[in-house]
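Undergrad: The hints should help you fit chain C onto chain R, whose structure is shown.
As you go down the protein sequences, you meet chains R and C in turn.
In this text, residue positions in the first sequence follow the working numbering: the first is 58, and each later residue adds one.
In this text, residue positions in the second sequence follow the working numbering: the first is 58, and each later residue adds one.
Just so you know, these hints were derived from the structure itself, not from any lab.
Just so you know, nobody snuck in bad clues.
Note: identical chains are not told apart, hence a pair may lie in one copy or across any two.
Listed next, the in silico SDA-like pairs over lysine to any residue satisfying Cα-Cα at most 20 angstroms (straight line):
| # | residue 1 | residue 2 |
| --- | --- | --- |
| 1 | K305 | D357 |
| 2 | K579 | D610 |
| 3 | K579 | Q565 |
| 4 | K579 | N599 |
| 5 | K579 | R613 |
| 6 | K498 | D438 |
| 7 | K579 | R600 |
| 8 | K579 | E569 |
| 9 | K148 | I500 |
| 10 | K615 | E593 |
Predicted, not measured: the structure shown is a model, and the values here were computed from it.
So the chains spell out like this:
There are 2 protein chains.
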Amino acid sequence: MTDSFSSSDDIRSGGELAHLQLVELPGVMALERGGELPGVVVGYETYGELNEARDNAVLICHAISGDSHVARHDGDDLPGWWDELVGPGDKFAIDTERYFVICTNVLGGCSGTTGPRTVNPQTGRRYGAEFPVITIGDMVETQRRALDELGIGKLRAVVGGSLGGHQALTWATRHPDRVENCIAIATSPRLTSQALGFDVVARNAIQTDPHFAGGQYYDEPEQPATGLAIARMLGHITYLSTEAMDAKFDPDRHSPRDIATAFEKKFSVGAYLAHQGQKFVERFDANSYVTISLAMDLFDLGRTRRELLSTLRSSRCRFLVVSFSSDWLFTPAQSREIVNALAALDRSVTYCEITTTAGHDAFLLVDEIGQFGPLVAARLDAALETNAAPAELRANDRRILDLIEPGKSVLDLGCGSGRVLSELRRRGHDKLMGVEVAQEKIIIAASRGLDVIDYDLNHGLPAFDDHQFDLVVMSATLQAIEHVETLLDETLRVGRQVILSFPNFAHQELREMFVREGRSPKASNRSSCGSSYGYEWYNTPNRRFPSIADVEDFCRAKGVTIHRAIYLDTGDTEYGREITDDPNLNADTAILVISRES
Amino acid sequence: MTDSFSSSDDIRSGGELAHLQLVELPGVMALERGGELPGVVVGYETYGELNEARDNAVLICHAISGDSHVARHDGDDLPGWWDELVGPGDKFAIDTERYFVICTNVLGGCSGTTGPRTVNPQTGRRYGAEFPVITIGDMVETQRRALDELGIGKLRAVVGGSLGGHQALTWATRHPDRVENCIAIATSPRLTSQALGFDVVARNAIQTDPHFAGGQYYDEPEQPATGLAIARMLGHITYLSTEAMDAKFDPDRHSPRDIATAFEKKFSVGAYLAHQGQKFVERFDANSYVTISLAMDLFDLGRTRRELLSTLRSSRCRFLVVSFSSDWLFTPAQSREIVNALAALDRSVTYCEITTTAGHDAFLLVDEIGQFGPLVAARLDAALETNAAPAELRANDRRILDLIEPGKSVLDLGCGSGRVLSELRRRGHDKLMGVEVAQEKIIIAASRGLDVIDYDLNHGLPAFDDHQFDLVVMSATLQAIEHVETLLDETLRVGRQVILSFPNFAHQELREMFVREGRSPKASNRSSCGSSYGYEWYNTPNRRFPSIADVEDFCRAKGVTIHRAIYLDTGDTEYGREITDDPNLNADTAILVISRES
Chain R
58 MTDSFSSSDD IRSGGELAHL QLVELPGVMA LERGGELPGV VVGYETYGEL
108 NEARDNAVLI CHAISGDSHV ARHDGDDLPG WWDELVGPGD KFAIDTERYF
158 VICTNVLGGC SGTTGPRTVN PQTGRRYGAE FPVITIGDMV ETQRRALDEL
208 GIGKLRAVVG GSLGGHQALT WATRHPDRVE NCIAIATSPR LTSQALGFDV
258 VARNAIQTDP HFAGGQYYDE PEQPATGLAI ARMLGHITYL STEAMDAKFD
308 PDRHSPRDIA TAFEKKFSVG AYLAHQGQKF VERFDANSYV TISLAMDLFD
358 LGRTRRELLS TLRSSRCRFL VVSFSSDWLF TPAQSREIVN ALAALDRSVT
408 YCEITTTAGH DAFLLVDEIG QFGPLVAARL DAALETNAAP AELRANDRRI
458 LDLIEPGKSV LDLGCGSGRV LSELRRRGHD KLMGVEVAQE KIIIAASRGL
508 DVIDYDLNHG LPAFDDHQFD LVVMSATLQA IEHVETLLDE TLRVGRQVIL
558 SFPNFAHQEL REMFVREGRS PKASNRSSCG SSYGYEWYNT PNRRFPSIAD
608 VEDFCRAKGV TIHRAIYLDT GDTEYGREIT DDPNLNADTA ILVISRES
Chain C
58 MTDSFSSSDD IRSGGELAHL QLVELPGVMA LERGGELPGV VVGYETYGEL
108 NEARDNAVLI CHAISGDSHV ARHDGDDLPG WWDELVGPGD KFAIDTERYF
158 VICTNVLGGC SGTTGPRTVN PQTGRRYGAE FPVITIGDMV ETQRRALDEL
208 GIGKLRAVVG GSLGGHQALT WATRHPDRVE NCIAIATSPR LTSQALGFDV
258 VARNAIQTDP HFAGGQYYDE PEQPATGLAI ARMLGHITYL STEAMDAKFD
308 PDRHSPRDIA TAFEKKFSVG AYLAHQGQKF VERFDANSYV TISLAMDLFD
358 LGRTRRELLS TLRSSRCRFL VVSFSSDWLF TPAQSREIVN ALAALDRSVT
408 YCEITTTAGH DAFLLVDEIG QFGPLVAARL DAALETNAAP AELRANDRRI
458 LDLIEPGKSV LDLGCGSGRV LSELRRRGHD KLMGVEVAQE KIIIAASRGL
508 DVIDYDLNHG LPAFDDHQFD LVVMSATLQA IEHVETLLDE TLRVGRQVIL
558 SFPNFAHQEL REMFVREGRS PKASNRSSCG SSYGYEWYNT PNRRFPSIAD
608 VEDFCRAKGV TIHRAIYLDT GDTEYGREIT DDPNLNADTA ILVISRES
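The shape of chain R in the complex, shown without the other chains (with noise of 0.2 angstroms):
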């Protein structure tokens, strides 16, 4: 029972929402499932100023049990969702000093957005479960229509996490005009089938409890706690990894806690679940909770690769994704999926996928908010775009980039910190990805401004389409590799041109420690080749050691044409040396250009 256990209901108990404001809009708003909400009213809360040029707003959208109260709005305020990523001053990745941020209660939600325990003023009773059907667009709507009423314009950017990155994704889709950035978090194209069946059953849990009386249970003594809790109980399950789950709940796994009131002494068996469950039924409202998980439900970007294409095609926004590794409801691999067909896209998009035990619920605790903050603030940022500090480049990037004509597309593969991409973005090349795997080096490079994709090599290239970059880096990522032929292939694919930059294992100072002393050859005296050279044999972490004239043979029996071919010695010069002697002797790195054309 730590602290750090912060889903958004464990911090609202007890108070009202003292910034709440609320705004009516006009008219009636039509629904695309049919039906319409007359004289709906939005409740939401800001921070910070909208500055005069009107680009600073920010809309945060928040999750299934979430509100508006994204963050505190000072020392005596009650803790919102969001406090550790939303607040004044640069230490916060949303800093309200900077921009104009403001979150609105979700249509359908409890907490002063029109749901089904507002009163239809066509019949004079609360909705109940004669509440429409709604759906994320709906929801979206909404917040337009609001953010209209308001005066905003452009956002700097739509944020959520679950089911607020379904709203960001859709805000991105259904108003590219007015979306410049949509970060979206620990969400997916549309929920599992898995997801899928556990909202069913706590649906059906809600439905079936005798108090629910059809949904009409407002003005009814007894109210469908019960069924509630049960939803409640089920979600906090998925909302937490196996390991997570062990470490808030082998403490009382034999030995249950103090069972404090009657309502836990019925769910006698894993208090704290009991707990959560009543928490929330004190603070939320079971058609809420019906009728927004069925809008997940109902949430549905594409199935397939095809469907996805086209509903992302809309878009036009740069977007950050991130996804949580031990999150089993909201999976790595769904994120991949709309990063995937964002990269085919040409969309700006960086993805990083964070490691942690924590589970789906890992997109509101501190710790991981640490570490995704700085790519939020980084994508936020639309200074760095121009102005990141120029990266310290290697003799081998000097001669990439001399290869690299002006205007040139380029993708990256295995793009470290971004020295190469930001140096072409400085030289004004506009189209540039990077592909890379460390987590540390995908937010050095985000903080200068590029996208970067969080990628395993080993997979080939999924992402990308035929030719759908004039050139393909890849620098010493090659020993790295484990499936050389696929790989090989698909950059060939995806690029017009790869660049193949790697470090020549028969170079004579391996091969003569090789052959005068029979040892597995090693040499640390040559930084510029990176420090392919410099590992033992039960240490290194390359798993291939191809000569020059392997890669070359390599590239010939393939069918692939080598264009150009620069060898160097590093050494230790800025720009190297380069060899015409025997290069697979002398030579301790090369530089192919190839292509499957000749």
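TA: What follows is chain C alone, placed relative to chain R:
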């Protein structure tokens, strides 16, 4: 909605169990958690005949929703829940022409054995919720007494999946004198907190159903069908993997199937789940579900390795443990905990993780039965231990065998199909264990009657105690290991001595090729050192390419003593030719005997 979805409830709707037999236990049964049950009746079915030696009885234990009907008795019979595993003839792993199979309904169940629906002889009314809390130990005690009544002493094996596995493990520890083999499939030492959480939610759904009536619903017009259906639907989700859920549910995601009954209409989304829920309600008792799931939750062989060692120490039998890669309810990691403890206790144990997308349900499915069935058949077949055909040995194997003194205990890391181990067994060694990752090799080794565990050597050897074996053999395995230092430390910890055999990557053929041609060397004419030399630089499965000098340097640097070194030119001879002149140049294979002691 394929037929391959064969959880037991799918195949038992309508129709009585025609072959159910009943036995009444004499006296009163005292229960582990207090209380007692008088006049317990056990429902069971049998297949085949008990032989004269009375040594062919196999007890099969069912899972939460199963019953005694493990297989058809004849062509007219209803399908059984393990029809593909149990039947007459050697195409069945549990051949009822060879073994006498008995399957009992569990205590607390509702298909023949005393449970909550039984009339309490002391009150004259059904137990209902007054049925006492029972444990897996009580279930096993009921089985033991029933077998006593039926005159069955020794069990050739106790076999079970899921809850059935809990019973099998309990038999092994409680009645070591009666069990020769324990076959525990898709099971665990205890439930994860996640699994326990789902059970809490499921029981709450049942117990808060208004028709539950405190458990005394039997004479009421309405039953707690809704609660039980919710519990069952939730269970179904946990039995399937995400992939299996998508395959099964995606077709009716947005257009539910035709809804046939009023019950299904109530659960109008997820028609399939609802259908499963309804079928279950028709044949299962809600109180039994509560009783049995609580017994599962209470099952606990130990959370820590120390606790597991303590619990499993009383066992004497041979074990087969099988897990499924996509089972997230009873995870492979949990099976490994059991296996690791058994291995540390020097118990005979074979373990295999079957690769499948079917989830926990895999233990009931025909495809996966096809995979683990041969392991079950091998473990049951006592004759294999002495009668298996001898393996074909390579030069390297023969040299290693020469180094092993009679009677020594041996752990073979990367044992393949068990060539060396089966020869050692033929020579009378009795403490032998193999480690292998390739499923097809594990099956061959097991069919030779050997103990093999499925284990990734990159994670060290946490299963084993210090100096647990006289010798650890690692042959033609070193070059495929990522974490060489850790693994070598581990082998030296677990074995008093280590026999390390590896290909010499500085052999003159390779050296010359590298120096003359400057190409990554390979040679395909040397079969005896494995195929280590025969790969291309871009597709070799080898990760490490040490020379003899490298490995010997490494040993010296790590303070490891080389007691003996044999250098071979294995060529294509049966025994290889020993090399004394510059082995680092002339030998293709080295065999080192090493230890931490000088």
